[in-house]
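Number of protein chains: 2
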Amino acid sequence: MFCWLSRLFRDLSRSTGRTTQPIWGSLSRSLILSSQRSIPELSSFVARTNTCGELRSSHLGQEVTLCGWIQYRRQNIFLVLRDFHGLVQVVIPQDESAASVKKILCEAPVESVVQVSGTVISRPPGQENPKMPTGEIEIKVKTAKLLNSCKKLPFEIKDFVKKTETLRLQYRYLDLRGAQMQYNLRLRSQMVMKMREYLCNLHGFVDIETPTLFKRTPGGAKEFVVPSREPGKFYSLPQSPQQFKQLLMVGGLDRYFQVARCYRDEGSRPDRQPEFTQIDIEMSFVDQTGIQSLIEGLLQYSWPSDKDPVMVPFPSMTFAEALANYGTDKPDTRFGMKIVDISDMFRNTEIGYLQDALSKPQGTIKAICIPEGAKYLKRNDIESIRKFAVDHFNQCSLLGKLRLECADLLEARGVVLRDPALFSFLWVVDFPLFLPKEENPQELESAHHPFTAPHPSDIHLLYTEPQKVRSQHYDLVLNGSEVGGGSIRIHNAELQRYVLAAVLKEDVKLLSHLLQALDYGAPPHGGIALGLDRLMCLVTGAPSIRDVIAFPKSFRGHDLMSNAPDSITPEELKPYHIQVSWPTDSAKKRAR
Amino acid sequence: MFCWLSRLFRDLSRSTGRTTQPIWGSLSRSLILSSQRSIPELSSFVARTNTCGELRSSHLGQEVTLCGWIQYRRQNIFLVLRDFHGLVQVVIPQDESAASVKKILCEAPVESVVQVSGTVISRPPGQENPKMPTGEIEIKVKTAKLLNSCKKLPFEIKDFVKKTETLRLQYRYLDLRGAQMQYNLRLRSQMVMKMREYLCNLHGFVDIETPTLFKRTPGGAKEFVVPSREPGKFYSLPQSPQQFKQLLMVGGLDRYFQVARCYRDEGSRPDRQPEFTQIDIEMSFVDQTGIQSLIEGLLQYSWPSDKDPVMVPFPSMTFAEALANYGTDKPDTRFGMKIVDISDMFRNTEIGYLQDALSKPQGTIKAICIPEGAKYLKRNDIESIRKFAVDHFNQCSLLGKLRLECADLLEARGVVLRDPALFSFLWVVDFPLFLPKEENPQELESAHHPFTAPHPSDIHLLYTEPQKVRSQHYDLVLNGSEVGGGSIRIHNAELQRYVLAAVLKEDVKLLSHLLQALDYGAPPHGGIALGLDRLMCLVTGAPSIRDVIAFPKSFRGHDLMSNAPDSITPEELKPYHIQVSWPTDSAKKRAR
Chain A
1 MFCWLSRLFR DLSRSTGRTT QPIWGSLSRS LILSSQRSIP ELSSFVARTN TCGELRSSHL
61 GQEVTLCGWI QYRRQNIFLV LRDFHGLVQV VIPQDESAAS VKKILCEAPV ESVVQVSGTV
121 ISRPPGQENP KMPTGEIEIK VKTAKLLNSC KKLPFEIKDF VKKTETLRLQ YRYLDLRGAQ
181 MQYNLRLRSQ MVMKMREYLC NLHGFVDIET PTLFKRTPGG AKEFVVPSRE PGKFYSLPQS
241 PQQFKQLLMV GGLDRYFQVA RCYRDEGSRP DRQPEFTQID IEMSFVDQTG IQSLIEGLLQ
301 YSWPSDKDPV MVPFPSMTFA EALANYGTDK PDTRFGMKIV DISDMFRNTE IGYLQDALSK
361 PQGTIKAICI PEGAKYLKRN DIESIRKFAV DHFNQCSLLG KLRLECADLL EARGVVLRDP
421 ALFSFLWVVD FPLFLPKEEN PQELESAHHP FTAPHPSDIH LLYTEPQKVR SQHYDLVLNG
481 SEVGGGSIRI HNAELQRYVL AAVLKEDVKL LSHLLQALDY GAPPHGGIAL GLDRLMCLVT
541 GAPSIRDVIA FPKSFRGHDL MSNAPDSITP EELKPYHIQV SWPTDSAKKR AR
Chain B
1 MFCWLSRLFR DLSRSTGRTT QPIWGSLSRS LILSSQRSIP ELSSFVARTN TCGELRSSHL
61 GQEVTLCGWI QYRRQNIFLV LRDFHGLVQV VIPQDESAAS VKKILCEAPV ESVVQVSGTV
121 ISRPPGQENP KMPTGEIEIK VKTAKLLNSC KKLPFEIKDF VKKTETLRLQ YRYLDLRGAQ
181 MQYNLRLRSQ MVMKMREYLC NLHGFVDIET PTLFKRTPGG AKEFVVPSRE PGKFYSLPQS
241 PQQFKQLLMV GGLDRYFQVA RCYRDEGSRP DRQPEFTQID IEMSFVDQTG IQSLIEGLLQ
301 YSWPSDKDPV MVPFPSMTFA EALANYGTDK PDTRFGMKIV DISDMFRNTE IGYLQDALSK
361 PQGTIKAICI PEGAKYLKRN DIESIRKFAV DHFNQCSLLG KLRLECADLL EARGVVLRDP
421 ALFSFLWVVD FPLFLPKEEN PQELESAHHP FTAPHPSDIH LLYTEPQKVR SQHYDLVLNG
481 SEVGGGSIRI HNAELQRYVL AAVLKEDVKL LSHLLQALDY GAPPHGGIAL GLDRLMCLVT
541 GAPSIRDVIA FPKSFRGHDL MSNAPDSITP EELKPYHIQV SWPTDSAKKR AR
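Each protein sequence line maps, in turn, to chains A and B.
Residue 475 in UniProt numbering sits at position 475 of the first sequence, and the numbers go up by one each step.
Residue 438 in UniProt numbering sits at position 438 of the second sequence, and the numbers go up by one each step.
Bear in mind the hints are in silico, worked out from the structure with no lab data behind them.
Because the structure is a prediction, the values reported are computed rather than measured.
Treat each hint with caution, since some may be false.
No copy labels: a pair is met if it fits in one copy or bridges any two.
[Said to hold, decoys possible] Only pairs whose alpha carbons sit at most 27 Å apart, straight line, appear in this in silico DSS-like list of lysine-lysine:
#1 LYS163 to LYS102
#2 LYS145 to LYS194
#3 LYS437 to LYS574
#4 LYS366 to LYS338
#5 LYS152 to LYS509
#6 LYS194 to LYS162
#7 LYS151 to LYS509
#8 LYS163 to LYS509
#9 LYS378 to LYS162
#10 LYS102 to LYS152
#11 LYS233 to LYS574
#12 LYS366 to LYS233
#13 LYS574 to LYS505
Here chain A stands alone, though its shape is the one from the complex (with noise of 0.2 Å):
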């Protein structure tokens, strides 16, 4: 099942390009090819008998009934059907017998939704069409009927017709009739299905589902809050199942997992989404290779069959490594261009600003090799790596953001170095623990949250030098971009209260709950999370995570489609007891 609709990524990619013949033509292709393999029945309990895009000379002489979309139309002679399987040619009835068909037929506008039934023929000779799957065969009609009429669209249903991303979320009911939107919805529909084959039924994970109406957690600025009708008491969308998934390890659940819908307010961000979806682990009595191993699994199994395999286990690098080597804690490790130290060759020189450098503490001086740079590198793209490293000067992440944009200069003249064909997994593991509050270095906070163990080797510095104490979070890369995260926990209240009342000065009595159930026979346990619509994002190659969302917000947090958010009366604000303060500007302006 999961391979028919990989092959069609395949056929889609190839006809991406510019080209006369419409994509949906070549769409169909790939499920002849996997009918083999086990195929979802796709007519079942409809008025259709086959979808559009299946028929081929197999099916010559058959009676069919088909439902779709008009295409497009060809002199009132030919008509082509769609669906969201395929294309194919219906020919129009030209004889007096057949009019009221016709007719039916012919003044239908485009995007109209009509009815078919009819046999399938041969094309007559000369008039296949080879780049169209179904283009051996053409639908001779007997009955038709208008299903519902289409009034003038504002844009055509034809990927190679470019929209702004504004009018594609405006009439995002319309944009998903693309099929590439088709193709990423379904394939993200089929990837989730089959994790969840691999954790349910393989390995015994249990499905279940946690409140998003929950307690504010503790720092939990980037929480949506929610009034409730007790005046003054409000509930929170959590960011994750984090407290649950660890209560469910205390409650014995054991192996539990969960697709789970997640809230993160944080305004205005590009290529973030108020609300998203995770793949949300937790095990009992295991440990950080535990984890990997499962992810690692879970990526092979679910992995789309037309992509390369996932090779496992991942390589893995540690934050040290990855800081010194790359830049970054999320290492594109497609191709090299490693960060090098060259600050002993520098070591005896005598210019100036790179002897002040290594004077300095920790001073050092690095560089990136570009690999036939001499020769790909114009004038000005030196100029502007200049400028980059001056505008990014002083940022620790200068050299990292060096590499990448190094890489993009590089590709931009031709040279690939950055394969679309492969996903470089890596774990980054033996992450700090406690980071240096921005604002106040003197004070530590969670690197990651609060509940994450330390290192085991590192545990006795946490009573001395809790800075320097390792975690035993781990992040899973793919591609130079965070897909997943997750960590063993602690599971020893005492532990948990020295980390949160002594390390992070919180107020251990918003998290009582949790402590007191760590107290109760708490198990050793570990998780992680995946973050899906990422993932599918790189899965897919789509150049947004709003393209592997059926409904995605705007990057103001806007539905375009329905103008979410939205005015609401102070009526309706009533049983909740809130009302709104309207900031001074708007307020003066509502006075006048």
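Since the structure of chain A is provided, determine the placement of chain B on it from the hints.
For chain B alone, coordinates are given in the frame of chain A:
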């Protein structure tokens, strides 16, 4: 895989009677029975080699590592270890050389978490416990590790120890360790997985996630609001993905499903949850029969194998028949005792109050025949029936309620009317499309929702006598509870506009995006939603839907474990431009 859990319940049900044998002892018998079937790997990736509950004579001589909770200890000689899978007896070593192991196993409090390694050995002859699935073997321990110590618990982890629900919800993570909750949540997970297999793998449905941060729907008085960072602008948490699933059909997604989280703010209502889950389905080119066949197949496929198989097709009854024969639109068809119209018998009598009744418009005399009522019902039963009738006088649902009341009375007297093993599904169809508004019976409101299509035979009445129009809505009823409902939708924009504007007097602007979508080639479509919590409640025989939800809210909508909803600071509300309007009473108190 499905089988082992179902069997588990049969054993569980047997053992829920008061017994000194711990329930967990019999839980895993089922597992050995099903080892012929494909069973998930339950010990992959973790520290154990086996689960406690799976060990049998066939494991004799094997070196195993087990992780679990100390269920109880006998005279410092035996220890019973529990995991989610069952119980196993561990022999505490008594020789000097194993003093440290003995110390760990003897000193750890009950419900502490330990890891033991040792050999599976036969119990000495005569010491086998045939009531315990692992009763032929025990573990000769070599090493032991205390993974976490347990403090004194608020209640014992034994199902026969009765706790108040408040206590259970407050310590939900302990309550989850009980066999019944483990069974309920695991069965739920597996049944949903089977549904997914049926929809996705067998019938080509696409699992699509739709947003929960949406726009307020017209008349959506039960929708939670979520303030955004734009002053006065609010999202709304939708009661169902209704609009989105229809838009997906317009988008050509054709066969959609989602295990959808939905929200409904009804204040305090027993056995309702502010968030709940529905199996949400929509199809294009389908009629009522198609949806019904799909659902019958779905339930048949996903039904637990230890229960009597679901027989299809389900019987069907019109709304009018249901009301006439059962006095309700969700009849419990497990038993007869139908309501019978006996007006004709009394038409010629001279009993005054009966003649009065018959002389009124549509006046009828109806009766319920209680089988062997005279034999089983006592004087005070009759009195309570009389009182019930008086209390509910003039409610049209009186006879339906009276029928259930009589069934309760008969069953209290030992008559088995409603076989607990019987699952009686029923379709109720041909509902009215509109109902008179309660507050103003001159106006009409939708009986279900405004997108429901009228019955094809009644469509002409829409413009003349809309109150007489039947709809294409269908409800699925199980044992007298509504477990699902759906309809064929309006796909014609003109018709939808007419219903919204002319019949319902709604502001069509709020739904302009949907109306516009219908204009752009919307296919005919329909769907259904099954209430998963209610369905699982009936399948498991749980007394409340709270017993099939991992972390339910109390009937006041509180999370008793974490104390949500909770107060938050005005500072935290600032980004959302809202403030609390304290009700006058509290305001006064605060002012003091």
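Hint-by-hint comparison with the structure:
no., hint, verdict
1, LYS163 to LYS102, "neither (33 Å within a copy, 73 Å between copies)"
2, LYS145 to LYS194, "neither (39 Å within a copy, 37 Å between copies)"
3, LYS437 to LYS574, "between (40 Å within a copy, 23 Å between copies)"
4, LYS366 to LYS338, "within (10 Å within a copy, 88 Å between copies)"
5, LYS152 to LYS509, "between (61 Å within a copy, 20 Å between copies)"
6, LYS194 to LYS162, "neither (33 Å within a copy, 41 Å between copies)"
7, LYS151 to LYS509, "between (60 Å within a copy, 19 Å between copies)"
8, LYS163 to LYS509, "between (52 Å within a copy, 25 Å between copies)"
9, LYS378 to LYS162, "neither (32 Å within a copy, 79 Å between copies)"
10, LYS102 to LYS152, "within (21 Å within a copy, 82 Å between copies)"
11, LYS233 to LYS574, "both (14 Å within a copy, 15 Å between copies)"
12, LYS366 to LYS233, "neither (54 Å within a copy, 50 Å between copies)"
13, LYS574 to LYS505, "between (37 Å within a copy, 24 Å between copies)"
Consistency note: the structure conflicts with the earlier hints numbered 1, 2, 6, 9, 12.
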